[in-house]
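Trainee: Sequence:
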Amino acid sequence: MRSVELLREDEANLASGAPGMMQPVADDVDLLRAHLYDVLAALIGRAPSDDILSLLAASAGDGSPLGKACSSLAGEAAGADLAKVGREYFDLFVGVGRGEVVPHASYYLTGFLNERPLARIRQDLARLGIEATGGMSEPEDHVAMLLETMAGLVSGRFETDLGEDRIFFERHLKPWVGRLFDDVAANPRSSFYRAAGDLGRTFIDIEAQAYALDA
Numbered sequence: 001m002r003s004v005e006l007l008r009e010d011e012a013n014l015a016s017g018a019p020g021m022m023q024p025v026a027d028d029v030d031l032l033r034a035h036l037y038d039v040l041a042a043l044i045g046r047a048p049s050d051d052i053l054s055l056l057a058a059s060a061g062d063g064s065p066l067g068k069a070c071s072s073l074a075g076e077a078a079g080a081d082l083a084k085v086g087r088e089y090f091d092l093f094v095g096v097g098r099g100e101v102v103p104h105a106s107y108y109l110t111g112f113l114n115e116r117p118l119a120r121i122r123q124d125l126a127r128l129g130i131e132a133t134g135g136m137s138e139p140e141d142h143v144a145m146l147l148e149t150m151a152g153l154v155s156g157r158f159e160t161d162l163g164e165d166r167i168f169f170e171r172h173l174k175p176w177v178g179r180l181f182d183d184v185a186a187n188p189r190s191s192f193y194r195a196a197g198d199l200g201r202t203f204i205d206i207e208a209q210a211y212a213l214d215a
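In my numbering, the protein residues as written are 1 to 215.
Keep in mind that a hint or two might mislead.
As the list claims (entries may be wrong) - Simulated crosslink set (EDC-like; lysine to aspartate or glutamate; CA at most 16 Å straight-line):
(1) Lys174 x Asp214
(2) Lys174 x Glu164
(3) Lys68 x Asp205
(4) Lys174 x Glu131
(5) Lys84 x Asp50
Worth flagging that the hints you see were computed from the coordinates, not collected in a lab. In this text, all values refer to a predicted model and were calculated from it rather than measured experimentally.
Work out the full structure, taking the sequences as your base and the hints as a guide.
Mentor: Put into structure tokens, the structure is as follows:
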């Protein structure tokens, strides 16, 4: 059984590409994609540590839309106050009773938690032989798990048939995750996470376009 070590290897995953981690080399496109999935999973999975902020601040982008979004996040990380970022995270994703953004596929697709989208995700994870480890208490339709699963499929960490990454993306992320990142980016009280939301939406749009061309 392959495992998704959710929220325990985030510094290692981020460090694997730093510095300049957001500047792709042609032969390393899939590794860059997997790295960005890991970055987004770490940022939404829990409030970032000082180490993660430092790694993000040391990264670089370019003049492309994705590169600009990366540079914007790096700038926010460079000037970030850890306590303020932690409060942004809490208000957005945890809250008192519930955060302002509910990062679950079931909620975005049905308006309720623990609905049919979660069952479909569990079926596909079982089919692929992937299970969550690392003390993750959230259901498997939490976006952090889905993003980290994509990182494993894209990078080859999970030995699966060719094309399983596209199937998983189109079934379990494409229908809703862009709206989640829009909601994160639109929150008027966030600064760091507004930049994270912009990066997430830009990246997901690029992924959707690329998979559509490969279909």
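Trainee: Taking each numbered hint in turn, which are not upheld by the structure, reported in ascending numerical order?
Mentor: Hint 4 contradicted; others consistent.
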